[in-house]
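Novice: Chain by chain, the residues:
Protein chains: 2
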Amino acid sequence: MLKGFFEPSSIAVVGASRTPGKIGYEILRVLVENRRSGVYRGNLYAVNPRSDEMILGVPTYRSVLEIPEPPELAVIVTPAPQTPQALEDCGKKGIRNAVVISGGFAEVGGEGLSLQIRLDEVRRRYGIRVIGPNCVGVISPSTGVDTLFLPVEKELEGATYISSPRPKPGSVALSTQSGAFGVACLDYMYGEGIGLSKFISYGNKIDVDEVDVIEYLRDDPQTKVILIYAESIDRGRKFLELAREVAREKPIVVLKAGRTSAGAKAASSHTAAIAGSDVIYDAAFKQAGIIRVWDMEELFDVAKALAMQPPAEGENVAILTDGGGVGVMAADETEALGLKLAEFSPQTLERLRDLQRSDVIPPIASLTNPIDLTGSATDDSFIGALELILQDPNVFGVIVLALHHVPGVTSELPKRIAEVSRGYGKPIVAMDVGSSQYAVEFRKLFEREGIPAYPEPERAVKAMRALVRYGIARKSLKERSS
Amino acid sequence: MLKGFFEPSSIAVVGASRTPGKIGYEILRVLVENRRSGVYRGNLYAVNPRSDEMILGVPTYRSVLEIPEPPELAVIVTPAPQTPQALEDCGKKGIRNAVVISGGFAEVGGEGLSLQIRLDEVRRRYGIRVIGPNCVGVISPSTGVDTLFLPVEKELEGATYISSPRPKPGSVALSTQSGAFGVACLDYMYGEGIGLSKFISYGNKIDVDEVDVIEYLRDDPQTKVILIYAESIDRGRKFLELAREVAREKPIVVLKAGRTSAGAKAASSHTAAIAGSDVIYDAAFKQAGIIRVWDMEELFDVAKALAMQPPAEGENVAILTDGGGVGVMAADETEALGLKLAEFSPQTLERLRDLQRSDVIPPIASLTNPIDLTGSATDDSFIGALELILQDPNVFGVIVLALHHVPGVTSELPKRIAEVSRGYGKPIVAMDVGSSQYAVEFRKLFEREGIPAYPEPERAVKAMRALVRYGIARKSLKERSS
Numbered sequence: 280m281l282k283g284f285f286e287p288s289s290i291a292v293v294g295a296s297r298t299p300g301k302i303g304y305e306i307l308r309v310l311v312e313n314r315r316s317g318v319y320r321g322n323l324y325a326v327n328p329r330s331d332e333m334i335l336g337v338p339t340y341r342s343v344l345e346i347p348e349p350p351e352l353a354v355i356v357t358p359a360p361q362t363p364q365a366l367e368d369c370g371k372k373g374i375r376n377a378v379v380i381s382g383g384f385a386e387v388g389g390e391g392l393s394l395q396i397r398l399d400e401v402r403r404r405y406g407i408r409v410i411g412p413n414c415v416g417v418i419s420p421s422t423g424v425d426t427l428f429l430p431v432e433k434e435l436e437g438a439t440y441i442s443s444p445r446p447k448p449g450s451v452a453l454s455t456q457s458g459a460f461g462v463a464c465l466d467y468m469y470g471e472g473i474g475l476s477k478f479i480s481y482g483n484k485i486d487v488d489e490v491d492v493i494e495y496l497r498d499d500p501q502t503k504v505i506l507i508y509a510e511s512i513d514r515g516r517k518f519l520e521l522a523r524e525v526a527r528e529k530p531i532v533v534l535k536a537g538r539t540s541a542g543a544k545a546a547s548s549h550t551a552a553i554a555g556s557d558v559i560y561d562a563a564f565k566q567a568g569i570i571r572v573w574d575m576e577e578l579f580d581v582a583k584a585l586a587m588q589p590p591a592e593g594e595n596v597a598i599l600t601d602g603g604g605v606g607v608m609a610a611d612e613t614e615a616l617g618l619k620l621a622e623f624s625p626q627t628l629e630r631l632r633d634l635q636r637s638d639v640i641p642p643i644a645s646l647t648n649p650i651d652l653t654g655s656a657t658d659d660s661f662i663g664a665l666e667l668i669l670q671d672p673n674v675f676g677v678i679v680l681a682l683h684h685v686p687g688v689t690s691e692l693p694k695r696i697a698e699v700s701r702g703y704g705k706p707i708v709a710m711d712v713g714s715s716q717y718a719v720e721f722r723k724l725f726e727r728e729g730i731p732a733y734p735e736p737e738r739a740v741k742a743m744r745a746l747v748r749y750g751i752a753r754k755s756l757k758e759r760s761s
Numbered sequence: 280m281l282k283g284f285f286e287p288s289s290i291a292v293v294g295a296s297r298t299p300g301k302i303g304y305e306i307l308r309v310l311v312e313n314r315r316s317g318v319y320r321g322n323l324y325a326v327n328p329r330s331d332e333m334i335l336g337v338p339t340y341r342s343v344l345e346i347p348e349p350p351e352l353a354v355i356v357t358p359a360p361q362t363p364q365a366l367e368d369c370g371k372k373g374i375r376n377a378v379v380i381s382g383g384f385a386e387v388g389g390e391g392l393s394l395q396i397r398l399d400e401v402r403r404r405y406g407i408r409v410i411g412p413n414c415v416g417v418i419s420p421s422t423g424v425d426t427l428f429l430p431v432e433k434e435l436e437g438a439t440y441i442s443s444p445r446p447k448p449g450s451v452a453l454s455t456q457s458g459a460f461g462v463a464c465l466d467y468m469y470g471e472g473i474g475l476s477k478f479i480s481y482g483n484k485i486d487v488d489e490v491d492v493i494e495y496l497r498d499d500p501q502t503k504v505i506l507i508y509a510e511s512i513d514r515g516r517k518f519l520e521l522a523r524e525v526a527r528e529k530p531i532v533v534l535k536a537g538r539t540s541a542g543a544k545a546a547s548s549h550t551a552a553i554a555g556s557d558v559i560y561d562a563a564f565k566q567a568g569i570i571r572v573w574d575m576e577e578l579f580d581v582a583k584a585l586a587m588q589p590p591a592e593g594e595n596v597a598i599l600t601d602g603g604g605v606g607v608m609a610a611d612e613t614e615a616l617g618l619k620l621a622e623f624s625p626q627t628l629e630r631l632r633d634l635q636r637s638d639v640i641p642p643i644a645s646l647t648n649p650i651d652l653t654g655s656a657t658d659d660s661f662i663g664a665l666e667l668i669l670q671d672p673n674v675f676g677v678i679v680l681a682l683h684h685v686p687g688v689t690s691e692l693p694k695r696i697a698e699v700s701r702g703y704g705k706p707i708v709a710m711d712v713g714s715s716q717y718a719v720e721f722r723k724l725f726e727r728e729g730i731p732a733y734p735e736p737e738r739a740v741k742a743m744r745a746l747v748r749y750g751i752a753r754k755s756l757k758e759r760s761s
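Chains A and B, in that order, are what the protein sequence lines are. Heads up: the first sequence runs through residues 280 to 761, numbered per my numbering. Heads up: the second sequence runs through residues 280 to 761, numbered per my numbering.
Incorrect hints may have been included.
No copy labels: a pair is met if it fits in one copy or bridges any two.
[Unchecked claim] Within a straight-line C-alpha distance of at most 27 Å, the following computed BS3-like cross-link-like pairs (lysine-lysine) qualify: (1) LYS619 / LYS544; (2) LYS694 / LYS723; (3) LYS503 / LYS529; (4) LYS723 / LYS447; (5) LYS282 / LYS447; (6) LYS503 / LYS757.
Just so you know, the hints here were simulated from the structure itself, not pulled from any lab data.
All chains should be built: construct the whole structure from the sequences, respecting the hints.
Specialist: Okay, structure coming up:
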């Protein structure tokens, strides 16, 4: 259980520093801030062998052994050669969980490798759970645990800018083998408005790995979607068994890098990962109900869809748009990705024609799937058509491509779409092209209503495909287990 | 020649209105603004059959025939049934160029179809060049011609937001069969900071089509890259012949929608386009040196790269990064897209090792391609390594994945990269992940230096592939023609 990492009642920063910019200072600074703001509610201790003067107002000790209680979590940032001893002290003190941020172990070879072996030996002797070494650690937005040491702000041409922002709290968990990529992902999530439940980077993973992480996240009530960036998966069989079980309840999305021979070679220099045969990974993921994505953009597009919308119960989808061109592109992408354009029932078509006769849908609109309401569309045309196709039993999900540029579309549309789609249990994804203020705000309005909104038709279709794949996989996993 | 559309010395808006929000008002308003700001320097006339009172300060006439000179361009926005007569008047007046914005022709069938036939007959009789009908027309940022009628601002939850922005002036031309998609593209270009040279949407294209557009853009000194969104290409043979010739000088990038059977069916409802066999299109594009892209994001990512960087002379590229994970992903994408990771020469490797020995490159860096400078990288490590690999004859282009999050990377890097890469004639594309202020500004710094910068590794690799493809195609077209 990793509870002690994410919800500790007390934390000791071992190797705390008085010098701004140093890792041992930056980590403590973030934790102090989180305690000041009330997010982190536990005790905080600093350990610095040279002085017991308070750092940042935090009680400081020369050794872990002098702390008046055994902290639930130790964050170790001492130089690599001192790390085994620091962990030994933690063990003696009765500390059960340690994040070892320090680098200079197996990843540098030679002396580093033997240090890592010593560290592992200490860990085993005391039964301490260890995340790392050589990692950026963990973030739990709801409890204020945050071990990221990268500068939150940086200078750029004389001005100071936010450089490593944290996403807002939410329901998406991210587990990553690469620390730098993990930090970059947090920056991306922040901008995309995707909320984070838990973040974990485990670096050289001498102990805690993907399997432990998924086990923890399975039971974490805040996590609805589990994202994994991996270059290798070591306990493959166990991982797949567990994934199969977890995917019945929560979607697992994997970005597996090192999928080509060039990538695999690069991965082996990066994390000494044995990437393994990609064909085997692919088949295994599919069998375990894991949704595989191919790049970073898709990882988060899919995460957003799975966090906001129910999975689809079948592969037939409808496209509803006010822009013929984006409708054609989405139809192309739908077929290219192996989804199907639903054929509307005769009743649906007849009722759509009724709406056209009563001028709710413009006379020049095209009523077969994709429905092109044209630039003469109004909010009413969208809502009228959407309600009818949601009622059609052949439709399992709807992709709404709503270009805001047309005169008859207003900012009421997102709310009205959310209202009319309630109760059908069919997923909706939205799209509006553009970077104008209006486009940005319009997409935000959709997301405020729980409808993921994308800036390009193809991305909306990919998001819908994930909802379809997960829906079908989940159904089959549940059937097999019952 | 389409010069009269893009550089007219005088424009008449036929069907001008006094009512804000009406198409005949909005178009006149934009032109008046552009004349006021000094971008449009020609004369402006309004035609309104009901009153010759000035509209927006523009001299207004009851008929085109009463205007004191034959305007070089007429923009016709009268209701469809009155359009043939309006064009007839233009012909009598000696007007040679007309944009017919009005809809209600072939796209609605029936009576509309016969109106379109009449319009075409008038056009032929007088030899008037016509863009449209049923289109959004043209934009020429350098001369202030702009016939877009969509509301520039729209209300959203009580606030007024920019809704249909115009991109800054630049070197990318966009030709589009779909008006709504075109407007959405302008919105996207605005946000991406991609500069526009000319915009043209030709709707039902009774006269001006892709061929005319490419002929004009070939000789337009402002246009460096030609983008085309097409659902069908009617004069296929002529188009390909011309493209083959133009592509020797300027890259042509095509997003061909209706590539699947679902998309083709949607296209036929949208613009009555016969999409044709996609395999044939694909082969023909390749032979003509046309760069084909598969979605909107790629269209503009590629446009940016071609506008900013020279094409690559070969398919071997290098990847240089401070983030191992993004390096692995980029290596994957490189191989998946058919590019090759260059093998460095023994001299290059030896000199890289020298830099490592002198601590310019961190000791834990990996020096084979992709070069992973790791999170200990500094600006100096990037510059030192980049200079060496640019000198390597096996390297034809460099993908720089510079995660700004690492402490040693500063805002000086983009400028230094631009400086060190000057004179090699080898393309550079950059990438930094994130939406933090710093990430956004950091990418802008690269682009200010003429280096396109992307937010994801895969997009940077796709951009480089376009530079490679265009370089190879251009070379082969030149060889065949000499």
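Novice: Hint by hint, note whether the structure agrees.
Specialist: Outcome of the hint check:
{"no.": "1", "hint": "LYS619 / LYS544", "result": "between (37 Å within a copy, 13 Å between copies)"}
{"no.": "2", "hint": "LYS694 / LYS723", "result": "within (11 Å within a copy, 35 Å between copies)"}
{"no.": "3", "hint": "LYS503 / LYS529", "result": "within (6 Å within a copy, 49 Å between copies)"}
{"no.": "4", "hint": "LYS723 / LYS447", "result": "both (15 Å within a copy, 25 Å between copies)"}
{"no.": "5", "hint": "LYS282 / LYS447", "result": "within (21 Å within a copy, 52 Å between copies)"}
{"no.": "6", "hint": "LYS503 / LYS757", "result": "within (18 Å within a copy, 56 Å between copies)"}
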